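Which chain is which? The protein sequence lines are F and Y, in order. Those letters in the first sequence? Residues 1 to 420, per this note's numbering, in order. Those letters in the second sequence? Residues 1 to 420, per this note's numbering, in order.
Hints were generated in silico from the structure; no laboratory data involved. Check the hints yourself; a few may be wrong.
Any copy will do: because identical chains look the same in the list, a pair fits if it lies in one copy or spans two.
As the list claims (entries may be wrong) - DSS-like, lysine-lysine: derived pairs with alpha carbons at most 27 Å apart:
| hint | residue 1 | residue 2 |
| --- | --- | --- |
| 1 | K298 | K167 |
| 2 | K219 | K264 |
| 3 | K418 | K69 |
| 4 | K258 | K142 |
| 5 | K166 | K219 |
| 6 | K354 | K157 |
| 7 | K212 | K179 |
| 8 | K418 | K93 |
| 9 | K90 | K419 |
| 10 | K157 | K299 |
| 11 | K327 | K212 |
| 12 | K45 | K258 |
| 13 | K17 | K361 |
| 14 | K419 | K17 |
| 15 | K46 | K246 |
| 16 | K179 | K361 |
| 17 | K45 | K167 |
| 18 | K17 | K418 |
| 19 | K46 | K269 |
| 20 | K43 | K419 |
| 21 | K227 | K216 |
| 22 | K327 | K299 |
| 23 | K45 | K93 |
These figures come from a predicted structure and were not determined experimentally.
2 protein chains.
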Amino acid sequence: MHHFIFKNRELYCEGCKAKDLAKEYGTPLYVYSRRTLTEHFDKIKKAFRSIKPVICYSVKANSNLTLLKLIVAAGGGLDIVSGGELYRAKKVKCPPERIVYASVGKTDLEIQEAISYGILMFNVESTPELHNINRIASRLNKKVRVALRFNPDVKPKTHSYIITGKKETKFGMDSETLKNIFLEQYNYPNIKLAGIHMHIGSQISQAGPFIKAIGKVKKIITQLRQKGIIISYLNIGGGLGIVYNKEKPQTAGEFANKVLPLLKGLDLKVLLEPGRFIAGNSGIFLTKVIYVKNTPVKKFFIVDGAMNDLLRPSLYGAYHDVVTVNKNLKSKTQNQKLADVVGPICESGDFLAKDRSLEAKQGDYLAVMGAGAYGFSMSSNYNSRRRPAEVLVDGKTSYIVRRRESYQDLTGNEVILKKL
Amino acid sequence: MHHFIFKNRELYCEGCKAKDLAKEYGTPLYVYSRRTLTEHFDKIKKAFRSIKPVICYSVKANSNLTLLKLIVAAGGGLDIVSGGELYRAKKVKCPPERIVYASVGKTDLEIQEAISYGILMFNVESTPELHNINRIASRLNKKVRVALRFNPDVKPKTHSYIITGKKETKFGMDSETLKNIFLEQYNYPNIKLAGIHMHIGSQISQAGPFIKAIGKVKKIITQLRQKGIIISYLNIGGGLGIVYNKEKPQTAGEFANKVLPLLKGLDLKVLLEPGRFIAGNSGIFLTKVIYVKNTPVKKFFIVDGAMNDLLRPSLYGAYHDVVTVNKNLKSKTQNQKLADVVGPICESGDFLAKDRSLEAKQGDYLAVMGAGAYGFSMSSNYNSRRRPAEVLVDGKTSYIVRRRESYQDLTGNEVILKKL
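Given the sequences, and given the hints that come with them, work out the whole structure.
Rendered as structure tokens:
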């Protein structure tokens, strides 16, 4: 459920007409619904209320500061993966004890900054990384909490680029490596080994792979506890799927109902890292039809949004529903030419949607649905295109939460050499 | 040929050690060779000197202002595709009569800005666009030069995302549509229809598809001239391939030798739009090994550069050679585990190279070769990563031509709402 709905054939975001937002702020434009965002956070909180988990929103899904602030205000923590995300977490005053830091390639400076801020824990992905954190913590005279990331070697059904729990991926450790580190933790005097982390991938619709992975983690925990090892935290990651097309993903409640019994009696503080589940359907991408191009074989809606603004269709072959904002008419004609929604960028990979039954004319606004996660956060300036503005809607009011880039922004860090 | 070569097992860019550059400017880092850039421009100029073409460098390949300035200083023009690229062209004072503007989705404002600057011509991709340019030119009381982009329906061997001359793509017009516009040009009183444009794709190694396409264009020109239509310009686009791996692309000279005879006696001003050919091998991407991760099935060099810095491997499955800067030793062992070079980003799609025989240790610098085109220009801030710095080398001297982004740059356009 989200709050982008048609009333009298006009698309609304909460109490604001999408068309009015497009006119007021210009296109291309990202529009977020405050209510959808916070409700999705609450859904997870409610589903898992019996165990009061630390819910760390995955900043990379959508890192806009205002969105982060809303999540922190709702009691959420943040799952960060870089110094830049730590900077954002500080900007929104996220309490450090609600921050977990994952990434296979944390640099020395990033580790140092995170230790200094006093984050809850690092999710550690390899032995060299653990050595490095221990070394830096020692230099800072601190003892830092760590969860080891377990690679459970399970394969969820999703795009290969966002599978992260197979043994062939760069993520986590196999069970033997992980257990040995726990058993030899005296090697890391400035590390407090406190838990196990897993994250098997993204946009996963079914509980099966999670259950399989949690089963494997439980076995490890049992084995380690039998040897006297203390384990206090279990971070089961993120990856809950959302509806883009015809998926029927598990709800937060269904997921919790399957997972909670597995965690019962384990006496573990549980962490969750939802990103897409919270942000995905909280945003749309508004774009204007610049030209309608009919060719003998195809129809193209050429729009002012492009792959630089929303990379998912091009990079993952991702499906996003596309609708016109002032009517939800999809043509019924059987033999009609199907249409591609494409941007102005000079490559065939620049498309937002392919082979759709869609009617629109020059000047119409289109809404690309489900664009709240991995939308703006993956945007670039390819083709020297300025990145779009972002707007947050709260009931009948809208707020700019990121200004559209200017031409000056494009070259602000460049230096034209005079003497060449 | 390029000027990134090993001397005494040390990689140099012209007269500068890659390792020294990495240390001085930090990593990840783009490094460009001035000499390689200008020599590649000169190669094309020389190959086609008998017809003195307008060589419009394709800005999207690498839009760094200093590189653009060097090309303009060498007598080159610019092929632009957006208002942002026009802004760049103005910043480097490119004479307007050397600018051509292509893109399937030029907006009203972009068209107006380009007309006001007095560019040489627009490459027009559709009838609605032509109407629009005519309308805006009329409002500005100007007559503007246009080449119609012909879609020759040829299929070069390259990645599907960068094929642009097949009829199923969004690009150009079929011959009938194109001829009809020429014959009915009285419909566009503010347009001076002056030529034909084609661009069949990118990274094309062989002349065959070009020859086929030029053959088709010649036929159209002959037919139109027989009906009294004046055609003065032929823009044969870009797309010349470069060496990334084991390709043996045609040289500029070989290409010219095949193409020039076709153009003989046509009395046309020829335009070329090379991008990758000029910039591709003029740049490398330097990155540092943060951790070496050995798993039971794989070896990973986790580096501080990632898919946000260099998207080509992830988006196109593109191959880039990767070498260590202080020795060019590729392991000879047959049964050795192959290594992936991966970034810190939390998805499996984040890789720079896969299954390579490569030896390196923590702290070593790696050079990703052939990263001058579609490298920085496609970079993003995904995972809130700051975009890398860019350095130009000129002999023994290096210059920063784009500063590394700061954390502040990441959020500079964002507005944290106080009242929520």
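Hint check against the structure, violated hint numbers in rising order: 4, 11, 17
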